[in-house]
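The primary structure of each chain is shown beneath.
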Amino acid sequence: MILIMLDKKQKRRHFLRTLVLLGSFLPAKVLLALPVEKQRQAGSLSALPAFLDTLIPEDISPSASQLNVGPDLIGRARQESGFERLLILGCTWLNEQSHKQGKQLFENLDEAARIAIVKTAEQSADRSLPRVFFKAVQYYAFEIYYAHPESWVSLGYIGPPQPVGFPDYAEPPELPRT
Amino acid sequence: MTRPQVVVIGSGAGGAAFAWALADAGVQVQILEAGPRYDPLKDYLLASNGWEQQGFPAKVPIAGRQTHAPLQLLENRWADLRSWNHLTGHSLASDRRSFLAYNHVIGVGGTTLHFTGESHRMHPLAMQMQSRFDVAADWPFDYAELEPFYVEAERLIGVAGPSDPGVRTRSAPYPLPAHNLSYASQKLGKGCRKLGLSWTANPVASLSRAYDGRPPCNYCGNCTRGCPRLDKGTADLTFIAKALATGNCTITTGAYVLRLLAGSNDRVKAVVYGSTRRQHRVEADYFAVACGAVETPRLLLNSSPAGSSDGLANESGLVGRNFMETLFWASAGLHPEPLGSHRGLPSDAICWDYNAPDAIPGVVGGCRFSPSTAEADLIGPINYARRVVGGWGRSHKTSMREQFGRMLAVGGIGENLPDERSFIDLDPNEKDAFDLPKARIHSHLAATEIERLDFIAKTCRRILAAAGVKKVIEEYGSYDAFNATHVFGTCRMGTEAKTSVVDSSCRSHRWRNLLVTDASVFPSSGGGESPALTISAIALRAARKLLHSI
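Residue numbers (our numbering), protein chains in the order written: chain Z, 1 to 178; chain C, 1 to 550.
A few of these clues could be false.
Stated by the list, open to error - Quick list of simulated restraints, FRET-style, between CB atoms:
#  : chain 1 : residue 1 : chain 2 : residue 2 : range
1  : Z       : Val164    : C       : Gln53     : 12 to 22 Å
2  : Z       : Val153    : C       : Phe434    : 48 to 58 Å
3  : C       : Lys194    : Z       : Asn108    : 39 to 49 Å
4  : Z       : Thr120    : C       : Pro361    : 28 to 38 Å
5  : Z       : Tyr139    : C       : Gly254    : 31 to 41 Å
6  : Z       : Arg78     : C       : Arg512    : 33 to 43 Å
7  : C       : Gln53     : Z       : Thr120    : 25 to 35 Å
8  : C       : Ser48     : Z       : Ile60     : 40 to 50 Å
9  : Z       : Pro163    : C       : Ala270    : 27 to 37 Å
10 : C       : His90     : Z       : Arg131    : 17 to 27 Å
Said to hold, decoys possible - Chain C is nowhere near these chain Z residues, computed Cβ spacing over 12 Å in every case:
#  : residue
11 : Pro49
12 : Ile74
13 : Gly102
14 : Gln104
15 : Glu107
To be verified - Looking from chain C toward chain Z, a few residues come up when the C-beta cut is under 10 Å (computed):
#  : residue
16 : Ala47
17 : Ser131
18 : Arg132
19 : Phe133
20 : Phe141
21 : Asn218
22 : Tyr219
23 : Gly221
24 : Asn222
25 : Pro228
26 : Asp348
27 : Tyr384
28 : Trp392
29 : Phe404
30 : Asn513
No wet-lab data here; the hints were simulated from the structure. Think of the CB as a built atom: it goes at the ideal place given N, C-alpha and C, for glycine as much as any other residue.
Could you put together the complete structure from these sequences and hints?
Here it is in structure tokens:
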């Protein structure tokens with residue numbers, strides 16, 4: 001029947017639009033004027049693992065870091081300069097927020113403080129840097145994290161779909177062990 | 001093979017069936033396919049952990065192959081038909097209908113490579129829309145005439161279906177028994193029964209038992225991503241494989257047909273195709289075009305005979321006209337119980353109750369309903385996280401555990417009647433890599449179409465609610481977006497040369513060695529039936545008729 005498709009071009013356009021929007025924010029404006037290499041020096045992605053682990057913490061299933069979501073995300077971002085710039089700006093923003101709380105770096109905050117900052121990002125205005133950063137990282141973090149079989153166990157999802165398939169398809173599902 | 005007797009352009013449900021029927025009878029056939037072959041074992045990555053990250057692994061991108069004219073403005077009175085998601089709001093912000101995609105696959109087997117396998121026969125009355133309901137056009141033959149070819153196509157493909165034929169009378173049973181319904185489909189069935197609706201096994205080209213050297217389905221639910229198990233009856237594994245096995249058929253991949261060359265005596269003399277380096281010319285006695293209802297009219301319009309600018313076989317002026325698209329709706333919600341709804345065939349059940357052309361109150365043209373959870377791509381953890389659960393932190397993870405496997409979606413597809421504002425023409429401004437104008441899609445949904453869609457949407461919601469779904473979380477449909485897979489009508493088949501492009505044998509009324517063997521020839525779309533089986537049956541019939549001339 002019908003499929004909803006989101007192709008790579010659409011994703012690329014999304015980030016190009018994001019980049020244009022970010023042009024009106026400081027220090028985004030300053031950072032955006034720099035080549036990517038300079039941005040990498042000026043900004044830092046050190047806050048990213050902690051940010052990801054705040055989005056996807058460890059409980060009975062692994063955290064984002066335990067499944068290497070950060071390196072995968074950065075690797076993907078490096079193929080898309082707009083996305084990499086967004087990560088750098090977003091992590092810079094996280095550290096600015098943590099500075100306001102008297103701490104040096106976002107990754108050194110305790111979980112409650114990190115959660116408070118992530119909430120601020122989530123609840124920021126639609127086209128603001130923190131909101132765009134939050135939504136983009138959430139979107140791709142989910143994709144990378146939930147492509148790992150370790151993340152499926154507690155869901156009761158016994159995948160990938162092949163080669164076994166789901167021969168029990170006509171029966172009530174077995175509930176996952178918790 | 002030196003000079004083929006018949007050249008077939010396109011290898012989907014129509015081209016493949018047509019080629020097989022001729023090759024099986026000893027005719028020398030050459031198939032020209034614009035795309036590549038797919039190797040199910042290498043190309044369909046359902047055994048990899050990243051399976052959910054990609055849809056069907058198209059080797060030839062479809063984006064940008066066609067253009068479209070501006071679509072219609074949306075109206076507030078139909079606000080209930082906007083596509084939306086509970087986390088992200090309206091999917092499309094524009095106040096104008098958006099163009100998302102003409103979904104088709106370019107490759108050996110065509111769009112059957114990513115179809116769900118639905119193998120429907122037309123409702124007999126849906127072939128008589130003009131004489132009985134004063135809309136669209138009648139088919140030039142009736143259901144009984146097509147029935148033996150349905151039987152043959154079902155046997156060659158390997159269709160599993162129910163024993164009760166309903167209004168679609170049968171001269172032979174399905175070659176395979178129907179599949180059991182998935183647990184999630186059983187829930188939808190309970191909902192239908194509460195509403196007094198039927199819910200029966202859907203005929204599908206997925207094997208319920210080993211058949212013809214292929215294994216039975218193992219219910220992974222991902223037919224639309226390509227079947228690596230080889231049980232789905234795609235055209236490459238069935239008609240094409242059998243045609244090649246006769247020794248009378250060859251297939252040339254990467255052969256992008258540029259034009260048909262008209263000769264003298266109202267006959268087409270050759271076809272020209274381009275490949276990566278140069279152009280080739282192939283002569284034959286007969287030519288069959290089977291590129292789908294968008295690219296077939298484009299090829300004919302790009303093949304004007306000398307002294308004409310109207311295109312080939314366009315004496316009626318109807319090449320590209322009467323374009324019909326997929327009128328569809330899907331509603332998805334969270335069921336209170338664990339269903340494991342990622343398991344099972346994507347479309348294993350069907351409600352035919354509103355399929356007859358006069359079944360929907362107040363609107364001519366029918367529809368049908370079936371499960372849509374897999375087609376909505378709500379069968380993997382990534383889409384649950386993004387579209388169902390959202391959020392973050394520990395609460396997100398807890399909700400994922402509570403909700404995974406509980407999504408239940410039902411979809412409906414309806415008749416789409418021809419409209420003078422829906423057609424295919426050549427874009428005067430955009431050309432392809434061979435400097436030929438691209439097809440331009442014009443699509444308009446008339447009020448009657450939207451009313452039918454409204455009925456479909458409301459019925460989907462009723463079914464979901466009756467099945468126990470308390471919270472709808474996503475809906476989408478064709479009111480605010482053109483997103484068509486089933487397209488029809490642009491080389492209408494009929495008895496009169498003035499009102500149709502091809503005759504009842506799919507041959508051009510004037511160019512007698514030129515045929516069209518795809519859904520372009522449909523005079524009406526049907527009441528939501530998936531068209532692949534009918535396309536193949538029509539093509540088999542056309543081939544048998546042609547054999548009398550060869």
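Quick rundown of the hints versus the structure:
Hint check: valine 164 of chain Z to glutamine 53 of chain C, Cβ distance near 20 Å, so the stated range 12 to 22 Å holds. Roughly 52 Å separates the CB atoms of valine 153 of chain Z and phenylalanine 434 of chain C, a value that falls within the hinted 48 to 58 Å. The hinted window of 39 to 49 Å between lysine 194 of chain C and asparagine 108 of chain Z is violated, with their beta carbons roughly 57 Å apart. Hint check: threonine 120 of chain Z to proline 361 of chain C, Cβ distance near 53 Å, so the stated range 28 to 38 Å is violated.
In this structure the hint that tyrosine 139 of chain Z and glycine 254 of chain C lie 31 to 41 Å apart at CB holds, the actual value being about 36 Å. Judged by the Cβ atoms, the range 33 to 43 Å given for arginine 78 of chain Z and arginine 512 of chain C is violated: they are separated by roughly 60 Å. Our hint of 25 to 35 Å for glutamine 53 of chain C and threonine 120 of chain Z holds, since their Cβ atoms are close to 30 Å apart. At about 25 Å, the beta-carbon gap between serine 48 of chain C and isoleucine 60 of chain Z misses the expected band of 40 to 50 Å.
A C-beta distance of roughly 46 Å is found between proline 163 of chain Z and alanine 270 of chain C, which places it outside the suggested range of 27 to 37 Å. For the pair histidine 90 of chain C and arginine 131 of chain Z, the beta carbons lie near 18 Å from each other, so the given range of 17 to 27 Å is met. The Cβ of proline 49 of chain Z lies farther than 12 Å from every Cβ of chain C, with a closest approach of about 15 Å, so its non-interface assignment holds. Chain C leaves isoleucine 74 of chain Z outside its interface by the beta-carbon criterion, the shortest separation being 17 Å against a cut-off of 12 Å.
With 12 Å as the threshold on Cβ separation, the claim that glycine 102 of chain Z sits away from chain C holds: the shortest Cβ distance comes to roughly 23 Å. The Cβ of glutamine 104 of chain Z sits about 23 Å from the closest Cβ of chain C, beyond the 12 Å cut-off, so the non-interface label holds. The Cβ of glutamate 107 of chain Z sits about 17 Å from the closest Cβ of chain C, beyond the 12 Å cut-off, so the non-interface label holds. Satisfaction of the interface hint for alanine 47 of chain C is found here, the shortest Cβ-Cβ separation to chain Z being roughly 4 Å, below the 10 Å cut-off.
At its closest, the beta carbon of serine 131 of chain C sits 29 Å from a beta carbon of chain Z; the interface hint therefore is violated under the 10 Å criterion. Of the supplied interface hints, the one on arginine 132 of chain C is violated, with its beta-carbon coming no nearer than about 27 Å to a beta-carbon of chain Z, more than 10 Å. With a cut of 10 Å, the hint placing phenylalanine 133 of chain C at the interface with chain Z is violated, because the nearest CB-to-CB distance is about 25 Å. Because the beta carbon of phenylalanine 141 of chain C sits about 27 Å from the nearest beta carbon in chain Z, more than 10 Å, this interface hint is broken.
Among the interface hints, the one on asparagine 218 of chain C holds; its C-beta lies about 3 Å from the nearest C-beta in chain Z, closer than the 10 Å criterion. At a threshold of 10 Å, the smallest CB-CB gap from tyrosine 219 of chain C to chain Z is about 4 Å, leaving the interface hint in force. Restraint check, glycine 221 of chain C versus chain Z: the minimum CB separation of about 6 Å is within 10 Å; hint holds. Annotation: asparagine 222 of chain C was flagged as interfacial toward chain Z, and the flag holds, the nearest CB pair being 5 Å apart, inside 10 Å.
With its C-beta approaching chain Z no nearer than about 6 Å, proline 228 of chain C sits inside the 10 Å limit, and its interface hint holds. Of the supplied interface hints, the one on aspartate 348 of chain C holds, with its beta-carbon coming within about 9 Å of a beta-carbon of chain Z, less than 10 Å. Taking 10 Å as the C-beta contact cut-off toward chain Z, the hint placing tyrosine 384 of chain C at the interface holds, the least distance being around 8 Å. Contact between tryptophan 392 of chain C and chain Z, as hinted, is supported at the beta carbon level, the nearest pair being about 4 Å apart and thus within 10 Å.
A cut of 10 Å between beta carbons decides the hint on phenylalanine 404 of chain C: the least distance to chain Z is about 4 Å, and the hint holds. Interface restraint check: asparagine 513 of chain C against chain Z, minimum CB-CB distance 36 Å, threshold 10 Å, status violated.
Taken one by one, the earlier hints fail for this structure at numbers 3, 4, 6, 8, 9, 17, 18, 19, 20 and 30, listed in ascending order.
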